[in-house]
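Q: Same order as they appear, the protein sequences are chains A and B. Take the first sequence: its letter number 122 is residue 122 in the working numbering, and every next letter is one higher. Take the second sequence: its letter number 5 is residue 5 in the working numbering, and every next letter is one higher.
Any given hint could be a false lead.
As the list claims (entries may be wrong) - DMTMM-like cross-link-like pairs, simulated, lysine to aspartate or glutamate; straight-line CA separation at most 20 Å: (1) A:Lys216 - B:Glu179; (2) A:Lys136 - A:Asp95; (3) A:Lys117 - A:Asp95; (4) A:Lys268 - B:Asp36; (5) A:Lys254 - B:Glu202; (6) A:Lys158 - A:Glu115; (7) B:Lys167 - A:Asp95; (8) B:Lys216 - A:Glu224.
Derived by calculation from the structure, the hints in this document are not laboratory data.
There are 2 protein chains.
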Amino acid sequence: MNLVSFLGPSGTFSQEAAEKISDNLVSLCTIPAVMDSVERKNCKYGVVPIENSIEGPVGLTLDSLAHNFNLKIFKEIIIPINHCLLVNPEANLSDITDIYSHNQAISQCQGYIFEKKFNQHFTLSTAKACELIKNKNNCAAIANSKASTIYGLKVADKSIQDIKNNKTRFVVLSKEDHEYTGFDKTSIIFSVDDDRLGQLYEILGIFNKFNVNLTKIESRPSKEGLGNYLFFIDFQGHRNEKHVIKILNEINEKSIFLKILGSYPQFK
Amino acid sequence: MNLVSFLGPSGTFSQEAAEKISDNLVSLCTIPAVMDSVERKNCKYGVVPIENSIEGPVGLTLDSLAHNFNLKIFKEIIIPINHCLLVNPEANLSDITDIYSHNQAISQCQGYIFEKKFNQHFTLSTAKACELIKNKNNCAAIANSKASTIYGLKVADKSIQDIKNNKTRFVVLSKEDHEYTGFDKTSIIFSVDDDRLGQLYEILGIFNKFNVNLTKIESRPSKEGLGNYLFFIDFQGHRNEKHVIKILNEINEKSIFLKILGSYPQFK
Chain A
1 MNLVSFLGPS GTFSQEAAEK ISDNLVSLCT IPAVMDSVER KNCKYGVVPI
51 ENSIEGPVGL TLDSLAHNFN LKIFKEIIIP INHCLLVNPE ANLSDITDIY
101 SHNQAISQCQ GYIFEKKFNQ HFTLSTAKAC ELIKNKNNCA AIANSKASTI
151 YGLKVADKSI QDIKNNKTRF VVLSKEDHEY TGFDKTSIIF SVDDDRLGQL
201 YEILGIFNKF NVNLTKIESR PSKEGLGNYL FFIDFQGHRN EKHVIKILNE
251 INEKSIFLKI LGSYPQFK
Chain B
1 MNLVSFLGPS GTFSQEAAEK ISDNLVSLCT IPAVMDSVER KNCKYGVVPI
51 ENSIEGPVGL TLDSLAHNFN LKIFKEIIIP INHCLLVNPE ANLSDITDIY
101 SHNQAISQCQ GYIFEKKFNQ HFTLSTAKAC ELIKNKNNCA AIANSKASTI
151 YGLKVADKSI QDIKNNKTRF VVLSKEDHEY TGFDKTSIIF SVDDDRLGQL
201 YEILGIFNKF NVNLTKIESR PSKEGLGNYL FFIDFQGHRN EKHVIKILNE
251 INEKSIFLKI LGSYPQFK
């Protein structure tokens, strides 16, 4: 059975996403480690978060796909994010003074943390936060409800994120992308000349000409100076379709760098 | 003399930026607190980071400007970022096992941390990391060299960031933007219809028509669902110039939301 790596430790939202494709899972501790496991073929698939509807892109995933690995997107998985306040079994909500979690979870619960006047502390993952607060009755962790079972904690409060419609999109990475299904999406990365952000306009014009819908556009610094960007675009269609082949050829002519991350079925 | 708030505590790169405009500084502990001090007129100016050439946008600054405050950009300041490894005076580099710093600083030094096999820990600021490692001889902090003097530490290693050309852009926020100088930039935020990312193409076409250069384009989730964006654009020109007035009027007609963050002199 195909081994699937995910951004661990156990009890993260990444595990929840990975469980949707396999039971044969291995937890790895960083996003580059997950990508590396697929590149070296130790795992058939690797599952990492790519964007959150509130916090935006996961920079390390985008940067690693652009600069460090040659991987394809085989599938996308969208998971609703419900943050819970987890405490020790004998602790009371009124005793809590300090809260621990991953940077993104803390950011997504700022209103709640501010109202409760908790001191906030950052950890490497939501699961790490659960480990850290063990036996500390004045401390709470932000994590998903499943983590409470894994780490022997109890749920003291539910859905504590500031904005209720909170979703994270995960990508399943592999050496090959997905075959045509008729309801597909293609992801690409490109950059344009330093002083000519107007080229972005020309490239968006190509999609316009072929009447193709973009579903995402993100800019990331190319790491070569302020104002120097890579663009991450997702659009409807499969790279084997005729009009998509034409679009990709035209973009290739107008950009100074183009990387095709692959085509895969749209999440339903 | 005008009081200026900055994202503290003392010894951060934000202080280095704030010192360029005033000696009358007050350190506040969060980005929203800095903005609030200006909105309530407790401070004339507030200095916060807005983007880094490697890590990209500072999400909390962009989101707070878009959603929570009505502030203008009065000035921009660009500071080169040189991360140092700070240790206790009696500590040796070879004894270090654990490293502490702000999320962004840790991200920017991943190569160095990986090579040295340090365990990494996140703190609220680079300065907080300096406080935390005090008297712990196996711990180091990543911060600027100035923090070593403030916190009684020594510089064990210099310029440890992965990419040497690392700059952060700060904005000076105020109730009013800056008058015309002839070498100006204007910052705006807009959004387009959910299902019509093609409208972004039409809006970029306006800049193209007036032959105006964009210096920045960033997308941020609007917080209303995946694929729903706010765009942050900077372009050359002052909002009181005739052609810029026309551009802003046309964008206003084509977008569903437009916020003008103001015009200010380009950093030299």
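Q: Please write out, lowest number first, the hints stated earlier that are contradicted by the structure.
A: The structure conflicts with hints 1, 4 and 7, although it agrees with all the remaining ones.
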